[in-house]
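**Q** The residues making up each chain are set out below.
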Amino acid sequence: MSGTYLGMPSFPRAAADSTRDMRLRGNLRHATHTIRAKRAQAVEELGDWAELREAGAALKERTLRHLDHYLEQLEAAVTAAGGVVHWAADADDANRIVTELVRETGESEVVKVKSMATQEIGLNEALAKAGISAYETDLAELIVQLGDDLPSHILVPAIHRNRDQIRDIFRKQMGSWGRAAPEGLSDDPAELAEAARLHLREKFLSAKVGISGANFMVAETGTLVVVESEGNGRMCLTLPETLISVVGIEKLVPTWQDLEVFLQTLPRSSTAERMNPYTSTWTGTTDDDGPSAFHLVLLDNGRTDALADTVGRQALRCIRCSACLNVCPVYERAGGHAYGSPYPGPIGAILTPQLRGVQSDLDASLPYASSLCGACYEVCPVAIDIPEVLVHLRERVVEGGTAVVRGQKTKIKPAKGHAAERALMRAARWAFDHPRAMRAGQRLAARGRRFTPRRLPVTAAGKAWSASRDLPRPAPQSFRDWWRHTRRDGGGSDAPRTGKESAE
Amino acid sequence: MRVALFITCINDTLYPGTGQAVVALLERLGVEVDFPQGQSCCGQPQFNTGYRREAEPLARRYARVFEGYDYIVVPSGSCAAMVRENYPRLGAEDVAGPMAATYELTEFLVDVLGVTDVGAYYPHTVTYHPTCHGLRMLGLGDRPRRLLEAVEGLRLRELEGAEECCGFGGTFAVKNPDVSAAMGADKARHIEETDAEAVCTVDNSCLMHIGGVLSRRGSAVRPVHLAEILASTEEAAR
Amino acid sequence: MNSRDIVLSRIRRALADVPRDGGPEETHVPRDYWQRHAVRNDAQRIDLLAENLSDYRAVVHRCASTELPVVIGRLLRDRGARRVVAPWAVPDGWLPGDVERVADSAGQSPRDLDAVDSVVTGCAVAVAETGTIVLDAGEDQGRRRISLVPDHHICVVHAPSQVVDSVPQALSRLDPARPQTWISGPSATSDIELDRVEGVHGPRRLDVVISSPGAG
Numbered sequence: 001m002s003g004t005y006l007g008m009p010s011f012p013r014a015a016a017d018s019t020r021d022m023r024l025r026g027n028l029r030h031a032t033h034t035i036r037a038k039r040a041q042a043v044e045e046l047g048d049w050a051e052l053r054e055a056g057a058a059l060k061e062r063t064l065r066h067l068d069h070y071l072e073q074l075e076a077a078v079t080a081a082g083g084v085v086h087w088a089a090d091a092d093d094a095n096r097i098v099t100e101l102v103r104e105t106g107e108s109e110v111v112k113v114k115s116m117a118t119q120e121i122g123l124n125e126a127l128a129k130a131g132i133s134a135y136e137t138d139l140a141e142l143i144v145q146l147g148d149d150l151p152s153h154i155l156v157p158a159i160h161r162n163r164d165q166i167r168d169i170f171r172k173q174m175g176s177w178g179r180a181a182p183e184g185l186s187d188d189p190a191e192l193a194e195a196a197r198l199h200l201r202e203k204f205l206s207a208k209v210g211i212s213g214a215n216f217m218v219a220e221t222g223t224l225v226v227v228e229s230e231g232n233g234r235m236c237l238t239l240p241e242t243l244i245s246v247v248g249i250e251k252l253v254p255t256w257q258d259l260e261v262f263l264q265t266l267p268r269s270s271t272a273e274r275m276n277p278y279t280s281t282w283t284g285t286t287d288d289d290g291p292s293a294f295h296l297v298l299l300d301n302g303r304t305d306a307l308a309d310t311v312g313r314q315a316l317r318c319i320r321c322s323a324c325l326n327v328c329p330v331y332e333r334a335g336g337h338a339y340g341s342p343y344p345g346p347i348g349a350i351l352t353p354q355l356r357g358v359q360s361d362l363d364a365s366l367p368y369a370s371s372l373c374g375a376c377y378e379v380c381p382v383a384i385d386i387p388e389v390l391v392h393l394r395e396r397v398v399e400g401g402t403a404v405v406r407g408q409k410t411k412i413k414p415a416k417g418h419a420a421e422r423a424l425m426r427a428a429r430w431a432f433d434h435p436r437a438m439r440a441g442q443r444l445a446a447r448g449r450r451f452t453p454r455r456l457p458v459t460a461a462g463k464a465w466s467a468s469r470d471l472p473r474p475a476p477q478s479f480r481d482w483w484r485h486t487r488r489d490g491g492g493s494d495a496p497r498t499g500k501e502s503a504e
Numbered sequence: 001m002r003v004a005l006f007i008t009c010i011n012d013t014l015y016p017g018t019g020q021a022v023v024a025l026l027e028r029l030g031v032e033v034d035f036p037q038g039q040s041c042c043g044q045p046q047f048n049t050g051y052r053r054e055a056e057p058l059a060r061r062y063a064r065v066f067e068g069y070d071y072i073v074v075p076s077g078s079c080a081a082m083v084r085e086n087y088p089r090l091g092a093e094d095v096a097g098p099m100a101a102t103y104e105l106t107e108f109l110v111d112v113l114g115v116t117d118v119g120a121y122y123p124h125t126v127t128y129h130p131t132c133h134g135l136r137m138l139g140l141g142d143r144p145r146r147l148l149e150a151v152e153g154l155r156l157r158e159l160e161g162a163e164e165c166c167g168f169g170g171t172f173a174v175k176n177p178d179v180s181a182a183m184g185a186d187k188a189r190h191i192e193e194t195d196a197e198a199v200c201t202v203d204n205s206c207l208m209h210i211g212g213v214l215s216r217r218g219s220a221v222r223p224v225h226l227a228e229i230l231a232s233t234e235e236a237a238r
Numbered sequence: 001m002n003s004r005d006i007v008l009s010r011i012r013r014a015l016a017d018v019p020r021d022g023g024p025e026e027t028h029v030p031r032d033y034w035q036r037h038a039v040r041n042d043a044q045r046i047d048l049l050a051e052n053l054s055d056y057r058a059v060v061h062r063c064a065s066t067e068l069p070v071v072i073g074r075l076l077r078d079r080g081a082r083r084v085v086a087p088w089a090v091p092d093g094w095l096p097g098d099v100e101r102v103a104d105s106a107g108q109s110p111r112d113l114d115a116v117d118s119v120v121t122g123c124a125v126a127v128a129e130t131g132t133i134v135l136d137a138g139e140d141q142g143r144r145r146i147s148l149v150p151d152h153h154i155c156v157v158h159a160p161s162q163v164v165d166s167v168p169q170a171l172s173r174l175d176p177a178r179p180q181t182w183i184s185g186p187s188a189t190s191d192i193e194l195d196r197v198e199g200v201h202g203p204r205r206l207d208v209v210i211s212s213p214g215a216g
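Chains A, B and C are the protein sequences, given in the same order. For the first sequence, full-length UniProt numbering assigns the number 1 to the initial residue and increments by one for each residue that follows. For the second sequence, full-length UniProt numbering assigns the number 1 to the initial residue and increments by one for each residue that follows. For the third sequence, full-length UniProt numbering assigns the number 1 to the initial residue and increments by one for each residue that follows.
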């Protein structure tokens with residue numbers, strides 16, 4: 001695994017490999033099942049969870065529906081508090097702004113707090129090209145960076161690694177990035193955490209530039225909020241002289257008091273804690289406390305395309321808790337890398353195709369990476385109806401239509417490779433809309449049932465089914481024929497009593 | 001009370017026994033049931049795969065065929081959920097009445113008829129898998145369990161990870177065969193671990209997948225629709 | 001067009017379906033959630049705070065305000081702390097005579113702080129339902145970094161006045177213009193197999209001293 005998402009295979013192809021990786025399956029199963037039970041308990045503790053969820057969804061919806069208003073309010077508040085606001089229409093824009101800002105400090109090293117937005121835009125790679133080393137300081141991000149790997153989970157990017165693998169990565173790689181792993185490092189999580197503490201301490205104490213994202217931005221006050229556990233966030237947010245925060249434009253909440261909803265739902269949904277160990281809030285700069293320069297880079301990069309879609313828009317409510325990943329049976333078995341994006345799991349399956357479009361094979365396969373079981377929607381603390389958006393995006397894939405791409409209204413062609421399926425769906429609809437024809441088909445199938453194999457290695461779909469499952473046999477007589485034969489004179493009617501519809 | 005049966009296309013073609021069981025069960029409970037022959041498929045396969053336009057005519061057909069009935073009983077959580085939850089998203093006109101009259105079988109028994117003990121006899125060990133659309137879209141809750149617990153002779157076995165999807169998911173099963181198979185294998189393993197003779201659901205579509213996996217594994221556990229258990233009587237068992 | 005104009009105009013085009021005259025209020029926000037999850041008297045609220053702090057591995061001590069020097073002195077001695085940083089408003093009397101008091105000053109570097117054994121602060125508010133103490137850079141709390149770099153933090157909570165039930169109550173007491181640190185137990189991580197391990201970059205030992213008015 002090298003650090004790029006470009007050219008990755010479609011979800012089913014990637015999953016064909018990952019579902020056979022028994023160590024990966026074991027790691028994911030262990031981790032997701034551990035957190036599932038804990039989350040349920042943490043949520044259970046709050047008698048008003050449903051009301052918090054409803055309020056959270058509505059607050060985010062209000063923010064999105066008036067995003068321009070709130071962004072301008074935020075910009076004014078941050079500026080008044082001593083911060084500098086930058087706007088980035090896309091990834092290149094954002095990378096250029098951040099690179100310039102770091103160059104102006106004269107530094108060639110930066111420390112980073114875990115940030116989905118900077119992963120999304122490939123900031124580390126852009127900085128590296130400019131000769132600037134970015135050090136990830138979140139434990140899981142460190143594991144990913146040292147292992148030349150890609151994140152596979154929103155909250156725990158190294159969830160695909162178990163303790164043995166992490167020990168091996170630390171032993172092999174820490175030395176070339178800075179302080180080496182202690183002699184005789186074991187796979188005890190506490191020892192591994194201690195090794196990370198020692199390794200990163202040097203970097204924190206000398207860092208002059210910190211780069212972060214943010215969990216929330218308060219429009220009313222210009223306050224940014226970072227929710228974390230380890231203290232690496234606090235280090236990056238308070239010790240450097242310059243702080244640059246790259247934040248998606250949808251991360252807003254209207255007022256300070258509105259945080260009361262999300263500071264209750266986020267920790268319980270993500271780490272299953274009543275409250276995460278550390279939450280930092282800051283408003284611009286404070287004299288003699290923390291960074292003397294604060295830059296906020298507001299990132300679009302496809303978000304306004306999602307905003308333009310009245311069904312897909314709800315994906316922008318996401319507060320990145322990752323509860324939907326932890327509960328998803330597909331994520332658990334396919335793993336995060338199969339989603340080919342920093343946003344894996346159910347939320348990734350609806351976010352990525354909206355941020356990047358549905359033109360590549362990978363992106364067009366993502367809306368189908370779900371059995372529509374609805375477990376994600378059930379746990380989502382901002383009530384994103386993920387199955388609804390998945391189905392909506394499937395329509396965009398197979399039927400095309402109009403969507404906004406990079407701010408431009410664009411006619412989207414149906415994705416390749418769906419022609420046979422489209423024909424089948426049309427034929428099925430025609431048959432279902434002509435019950436007499438369907439009945440004839442059923443009879444034909446019933447007559448041939450002795451010859452129907454339990455495996456069907458002929459068509460692609462037949463092969464896909466038969467590889468792991470036996471086929472059902474058509475019944476000797478359909479229900480409808482049974483009814484006709486046994487109930488001719490009974491209660492059954494051939495046509496509805498309104499008489500508007502014939503059986504044909 | 002005018003009651004219609006919406007059999008669903010899968011039951012009609014592959015599992016007519018389930019439909020016959022529903023008719024027998026309802027008639028035993030004194031409900032005269034009608035079967036409008038104009039009915040076909042709810043359109044869920046099309047809708048869930050992205051072919052909303054192909055689903056629309058089927059929704060309109062459903063509305064025409066079932067107009068005027070007080071209750072439309074569906075022995076499938078998934079198809080009932082399609083009608084109740086997704087028809088409004090199709091923008092099909094005049095579906096409100098039939099939509100509201102649509103009940104999944106266990107809802108009809110427990111909520112409309114007010115029965116949990118339907119006088120069934122089924123002297124076997126059974127484990128119950130709550131299928132996703134029944135569980136999460138319709139909110140069937142403990143209705144199926146209450147019905148099963150009231151069946152004479154039936155011993156219910158707890159299923160580990162019961163609320164986790166079996167991996168069917170309609171076209172998901174063939175579009176993502178590896179993930180679907182992995183989910184199915186885990187479900188089958190949990191089912192086998194219960195040592196039950198039969199696994200029961202309110203959806204034959206999921207059972208087709210679960211049964212296919214069990215059969216391929218050479219498992220002795222028999223897939224059976226809840227309606228068939230509820231229709232069983234002591235006389236029939238002899 | 002600059003990026004600002006591009007982004008804002010994209011947003012306005014994207015929101016063509018939203019009625020603009022009514023302002024944000026056009027989207028109703030139901031606020032039926034609770035302001036607190038139980039009605040508690042002072043003693044119950046303090047007990048819950050202590051319980052929840054302990055649950056996340058903070059070490060909780062309870063004493064009368066007159067006993068603070070004794071309790072803090074013991075905690076520092078047990079730890080073997082020699083150099084202790086404390087903001088100016090922390091009373092001299094809280095620290096034992098045999099430790100070196102290090103001032104919280106603007107010129108201090110992170111490395112200076114790394115050479116300090118412990119930090120003693122007060123707090124702005126404490127939240128019982130979540131086991132959280134909030135520091136807002138008040139005069140007895142100091143700059144954010146002093147409660148971060150040293151490996152041992154002693155935080156004094158004045159009960160009952162500083163203890164609230166819930167997150168909503170805490171937020172309404174706090175001023176967003178001040179930089180804040182909400183602390184719930186010592187630093188921790190769930191990054192290895194989603195299992196919680198205490199002690200990463202922040203102070204690995206957090207002592208919370210809940211002090212009540214009067215003599216012991």
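Simulated from the structure, these hints should not be mistaken for lab results. Built from N, CA and C at the ideal position, the CB exists for glycine as well. Among the hints, erroneous ones may be present.
Example chain B residues on the side facing chain A (calculated, C-beta under 8 Å, incomplete) [claimed, not checked]:
1) V115
2) V118
3) Y121
4) E164
5) C165
6) D178
7) V179
8) H190
9) R216
10) S219
11) A220
**Q** Taking the hints in turn, state whether each one holds.
**A** Results for each hint:
1. Given hint, V115 of chain B at the interface with chain A, is violated; its Cβ is 21 Å from that chain's nearest Cβ, farther than 8 Å.
2. Given hint, V118 of chain B at the interface with chain A, is violated; its Cβ is 20 Å from that chain's nearest Cβ, farther than 8 Å.
3. This hint is violated: Y121 of chain B has a C-beta 23 Å from the nearest C-beta of chain A, more than the 8 Å allowed.
4. Because the closest C-beta pair between E164 of chain B and chain A is about 5 Å apart, less than 8 Å, the hint holds.
5. The closest approach between the C-beta of C165 of chain B and any C-beta of chain A is roughly 4 Å, which is under the 8 Å cut-off, so the hint is satisfied.
6. Interface restraint check: D178 of chain B against chain A, minimum CB-CB distance 5 Å, threshold 8 Å, status holds.
7. The criterion of a C-beta within 8 Å of any C-beta in chain A is met by V179 of chain B, whose closest approach is roughly 5 Å, and the hint holds.
8. Contact between H190 of chain B and chain A, as hinted, is not supported at the beta carbon level, the nearest pair being about 12 Å apart and thus beyond 8 Å.
9. Interface hint status for R216 of chain B: upheld, as the beta-carbon distance to the closest one in chain A is roughly 5 Å, under 8 Å.
10. Interface hint at S219 of chain B: violated, since its Cβ lies 11 Å from the closest Cβ of chain A, which is beyond the 8 Å cut-off.
11. Because the smallest distance between the Cβ of A220 of chain B and any Cβ of chain A comes to about 14 Å, over 8 Å, the interface hint for this residue is violated.
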